[in-house]
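Working from the sequences, and respecting the hints, build out all of it.
Here the protein sequences line up with chains U and S, keeping their order. Position in the first sequence (first residue = 1) + 597 = this note's numbering. Position in the second sequence (first residue = 1) + 9 = this note's numbering.
Among the clues, some could well be false.
What the hints assert, rightly or not - Looking from chain U toward chain S, a few residues come up when the C-beta cut is under 10 Å (computed): (1) Gly646; (2) Leu647; (3) Pro667; (4) Lys670; (5) Asn672; (6) Ala675; (7) Met677; (8) Gly678; (9) Phe681; (10) Gln682; (11) Ser684; (12) Phe687; (13) Ser689; (14) Met739; (15) Lys845; (16) Glu849.
Claimed, not checked - Listing some non-contacts, in silico: residues in chain U with all C-beta distances to chain S over 12 Å: (17) Gly624; (18) Glu779; (19) Arg842; (20) Val843.
Unchecked claim - Now the stretches of chain S that chain U is said to cover, found in silico as 3 or more residues with beta-carbon under 8 Å: (21) 21-32; (22) 122-130; (23) 133-141.
For the record, the hints were derived by calculation from the structure and aren't laboratory data. Note that the Cβ used here is the ideal one computed from N, Cα and C, for glycine as well.
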Amino acid sequence: MIEVNDIHKSFGDIEILKGISTTFEKGKTNLIIGQSGSGKTVFLKTLLGLHTPDKGTITYDGTNYSDLTPDEKSNLRAKMGMVFQGSALFDSMTIAENVKFPLRMFTKQSNSEMSDRVNEVLKRVNLDDDHNKLPSEASGGMQKRVAIARAIVNQPKYLFCDEPNSGLDPKTATVIDNLIQEITREYDITTIINTHDMNSVMEIGEKIIFLKDGLKEWEGSNKNIFKTNNEAVTGFVYSSDLFQRVQKMYLEEDM
Amino acid sequence: MSYLHNIGQYLLMIKEMFRKRTKWSVMRHLIFKDIDDLIINSLGIVAFISFFVGGVVTIQTALNMTSPIIPKSLVGFATRQSIILEFAPTFISIIMAGKVGSFITSSIGTMRVTEQIDALEVMGINAINYLVFPKFIALMLYPFLISIAMFLGIIGGMAACVFGGFATLDDYVTGLQMDFIPFHIVYAFIKTFVFAFLLATIPSYYGYYMKGGALEVGKASTTSFVWTSVAIILLNYILTQMLLS
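See below:
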């Protein structure tokens, strides 16, 4: 579980995060949504420790991040898995080497043990036959699955995903969403996903935090996001024609 | 102010390079890969340039020694001094600032743009140690490259001298052995080690701290070449003043 209390973050004179407090629960897919420029990525990077908050605290299963020494912070980060928007795979390594990388860095496993674990994880993300491909030879969906495999190979306690569906077709996007949700439940980890994909919100939004102008505007789940009266949330959710039709359907059901 | 900021950040990067070291089993592979990328892959261009510039130095020297009272062996002497003292350590280092420096800046810069460095940091890896330290160690073999440059420069000079008919082989070899001061070799290798350090760290700095996209990677490579060259020229002057005067 990750608890965030009154987080502020500025770059120069521009205040990006203006005091966010919330809790991300273990074993659930927690989604951060909001328009571009709302502070989602800065918030996620602050949770990852890539940005230091100007004010406020972040607690990881009872451990306050700001109280840790640099080495303790590094050790905590080794328990985090991250799926980047652009996958961020190491382009000089094959798919298998990318997945093996965290094991080589942080474990004392033998080569055969590492290979077994890599095979197991790649099988879990349905990439059994592509071990020796380079990232440049893999499709966008495959790269995302490799990134997920690399993020979970060392059995992290926290999984962060920055727009895992961007640039993917709807079918592949759904596969990635479901995979993340299954992994979250299977490994009982705290997963935080940064997205503005409403399909993801509907599919896997067990807990949703809506950010607007660096503040938490709304908090709930995919069950009640379509019923909220918060104008900022409804403006965001029903911005596309498709979801306007969904809204109409909901209203007709209520009548 | 921005110069001071850059110098301070560069010094902090160097300090960070030696902190929280990457596992040796991983580092070993990185070092061998960087030796291949930075040293072995530079052999061809260094050999080519050294051989022909050695030849040009010899021809220029010979053509400017028109007086019959100047012994022909001075061609070999002047070629040796030019190549050992300045051409091999300094001129080759500036060429390497273009070749190796651009490679280092663009490869680290691309990793920054594509969030690969963020991925390392998220995993709790000291990205500066992981990326810069192996380059620093690989470039400690740079004197090997400079030795080859010295040797081939002198051989190129010999070929130009003999086949161009400027002096006999005996005259050239006599000139090579004339008034030889072993400290000049020590001086050249001290400079080489200092330039190797600059070649590993300045381009890494510009790659690591770059911001923006693909266009900025190109700009960072150019900036890194300019500042590595400036640092080499300045330190060349300072070291020459300290060691030879």
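**OP:** Go through the numbered hints given earlier and state which of them the structure violates, listing their numbers in rising order.
**Re:** 14, 15 and 16
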